[in-house]
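Asks: Model the placement of chain G on the given structure of chain E, informed by the hints.
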Amino acid sequence: MSKIGNVWVFIEQEGGKIADVSLELVCKGRDLANRLGIKTEAVLLGNKIEGCVETLYHYGCDTVYLAEDDRLEPFTVLPYAKVIIDLVKEHKPNILLFGATMKGRELAPRVASEKLAGLTADCTDLQIDDFEDKVNQKSYKDKLMQIRPAFGGNIIATIVNTWDDPQMVTVREGVMKMDSPDSSRKGKLVRIKPALSKEETVIRVIERIREEKSVDLKGSQIIVAGGYGVGSKNNFKLIYQLAEALGGEVGASRAAVDAGWIDHDHQVGQTGVTVRPKLYIACGISGSIQHRAGMAESKKIIAINNDPDAPIFSVAHYSITGELNDIIPKMIKAYKSKV
Amino acid sequence: MSYTIIVFVKQVPDTQNITGQAMKPDGTVNRAALPAIFNPEDLNALELALELKERFGAKVVVGTMGPPNAAEVLRDALCRGADEGVLLTDRSFAGADTLATSYALSCCAKKIGKYDLILCGRQAIDGDTAQVGPQLAEKLKLPQISYVEEVKELSKGKIIAKRAIEGGYEVLECPTPALLTVIDANEPRPKAVRRIMKYKKAMTRSELVKFHANANYTDAEALVEEEENLKKRNLFIHEWSATDASADIERVGLKGSPTKVKKIENVVLTATETKAIPPTEQGISNLVHELIVDHTLG
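As you go down the protein sequences, you meet chains E and G in turn.
When the count follows the working numbering, it moves up by one through the first sequence with no breaks and lands on 1640 for the last residue.
When the count follows the working numbering, it moves up by one through the second sequence with no breaks and lands on 347 for the last residue.
There may be inaccurate statements among the hints.
Unchecked claim - Which chain G residues stay away from chain E? Per the calculated CB distances, all over 10 Å, these: (1) A81; (2) E100; (3) G106; (4) N118; (5) C128; (6) A241; (7) A269; (8) A271; (9) K280.
Unchecked claim - Under the rule of at most 20 Å between Cα atoms (straight-line distance), these lysine to aspartate or glutamate pairs were calculated in the EDC-like manner: (10) K207/G with E1512/E; (11) K211/G with E1512/E; (12) K190/G with E1501/E; (13) K1601/E with E339/G; (14) K1519/E with E215/G; (15) K311/G with D1443/E; (16) K1601/E with E322/G; (17) K1601/E with D343/G; (18) K312/G with D1430/E; (19) K1579/E with E339/G; (20) K207/G with E1508/E; (21) K1637/E with E339/G; (22) K1631/E with E339/G.
Everything labelled a hint here was simulated from the structure, so no lab data went into it.
These figures come from a predicted structure and were not determined experimentally.
Don't be surprised by glycine CBs; every beta carbon is placed ideally from N, CA and C.
In isolation and in its complexed conformation, chain E is listed as follows:
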């Protein structure tokens, strides 16, 4: 059997800080690589970012391909795509993983198109399995099963790339488990000299304004989320009060964000963040399939809604039918009297 290429992870960094999703993918990539008997390798691009390399070893990378160049900072899609395509052509990885972030989602398709490789967006699970293509009567061994929700979250599709490697996917943030780093792990550093021409550097960044997210929904064990049923921006104070009392973060449905009551950073669901806290309290959220896709795996779900037929109740462990203005203060009072 001819030796297959390795598992590659595109490492996303901002100011030398590695994105969580990239570390999640290194951990997942290692699982896949172990299953296939191949290596886990990282592709790290930017400028003055060598400090990231050790961290990547600790999370399980066997090799780090490092390209440092001032034209790779800040991120712009054309030079990044060029460097990755050149590397892919040279080393022929079997699997290439990207985070389904704003950067990953504009970079991966550019690379896939040039490489004529299949690309599956927003995967929520990856597995290795065989594939029988009944239409073309071909069978494939040890392929990457690319599992993703589609059709507004109403179906889950398993997709396979049947053309040449790499098998490319973007993976949603927060769905793969991040293992603890092991500081005894070592790896190999391979420095790349990017071959960039004028063609890839035609886009000029005139202005760049960025703030770190102020909300950490993914890292929070308790989330109190408000939906359209909260009724007004002013009423959202109730949601904040409950979150503060319980030591949690404030989440929101798309309807509440669209109504302008709360910032998009708080949005849970298909177009927001996927969360799985210990406790999720859905307040005045009807529970569209898009919202449920982002929170249904929470360990305990309490739904409060004045509509007894709200779909959110179908995923809730506890249902309370009633008005938020009545129930939330009772909940705060009950909690404060017990702790």
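Replies: For chain G alone, coordinates are given in the frame of chain E:
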């Protein structure tokens, strides 16, 4: 000085407003029951193109790939202010994944000819992949600006656009021709009443043939004449097959798609055991107590 802007749009099933009627008894979605709509972010792309037309003068050509009835979104676009519609339709396009789709659209763009900008919505709500825009840009070797909120400046050979990035925004300067993907940062204009009166009569060739077949009208010469008439009044929607667009048949549709669907599972509402809590002080107090005891709270 006038620009040419191509806007690629898609007709999609309305996956965002799934009502009771679209649900089958087993809790899965009945896709056939979903109405076909103009993909929301493609309307934002069209709106941006129409704004540019007003600000700088431009011809706006709207293209779509889809079944014959996707001409509906082109009529919709004409009613909102677009100048021309192109329907890319062919049985061989069926089953295309994003790579095959972007290839077919690249052939369409090449046949349209000279353009300054191509605009696409960031993503379509049936697949949510956001891949076709960047892939199309690569196929045409164009620079791309993704997640565009607004265009600051457009001049011959250069565009300055503001786009969203994680946690903020960027202002980018880029040479044209370029491809932009657009997010829902503008308010798409409604169809203009005056334009509806005119463009509801816009037709593709196959619609024209069908229209006359219904009227038992089979004179081929008259059909040609009618087509010329429609063209003169700007009511003719171009309809191109794979051959018309000079597309390599091996690279479109199912054949041109590296990704295959292994299986599809319907998402069924999980019937979690739900405990109803009475909305009383006692009921809520008991619930909070239970959550503290099992270490969910506190």
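Asks: Sort out whether E339/G lies within 20 Å of K1579/E, counting only the CA atoms.
Replies: holds, 14 Å
Asks: For K1637/E and E339/G, compute the direct alpha-carbon distance and say whether it is at most 20 Å.
Replies: holds, 14 Å
Asks: Take a quick look at E100/G and tell me if its Cβ sits farther than 10 Å from every Cβ on chain E, holds or violated.
Replies: At roughly 20 Å from the nearest Cβ of chain E, E100/G sits farther out than 10 Å, so the non-interface label holds.
Asks: For a C-alpha distance cap of 20 Å, please report whether K311/G and D1443/E respect it.
Replies: With Cα atoms ~14 Å apart, K311/G and D1443/E stay inside 20 Å; holds.
Asks: Take the C-alpha atoms of K312/G and D1430/E, compute the straight-line distance between them, and say whether it is at most 20 Å.
Replies: holds, 13 Å
Asks: Given the hint that K1601/E pairs with D343/G, does the C-alpha gap stay at or below 20 Å?
Replies: It holds: about 11 Å lies between the C-alpha atoms, which stays within 20 Å.
Asks: Minimum Cβ separation between C128/G and chain E greater than 10 Å?
Replies: holds, 25 Å
Asks: Check the hint pairing K207/G with E1512/E against an upper bound of 20 Å on the C-alpha distance.
Replies: violated, 28 Å
Asks: Holds or violated: K1601/E with E339/G, Cα cutoff 20 Å?
Replies: holds, 12 Å
Asks: Would the hint linking K211/G and E1512/E be met if the CA-CA limit is 20 Å?
Replies: The given pair, whose Cα atoms are some 16 Å apart, holds under the 20 Å limit.
Asks: Within a Cα-Cα threshold of 20 Å, do K1601/E and E322/G meet the stated pairing?
Replies: holds, 11 Å
Asks: Taking 20 Å as the top limit, are the C-alpha atoms of K1631/E and E339/G close enough?
Replies: With a Cα-Cα distance of about 15 Å, the restraint between K1631/E and E339/G holds, given a limit of 20 Å.
The structure is inconsistent with hint 10 alone, although it conforms to all the rest.
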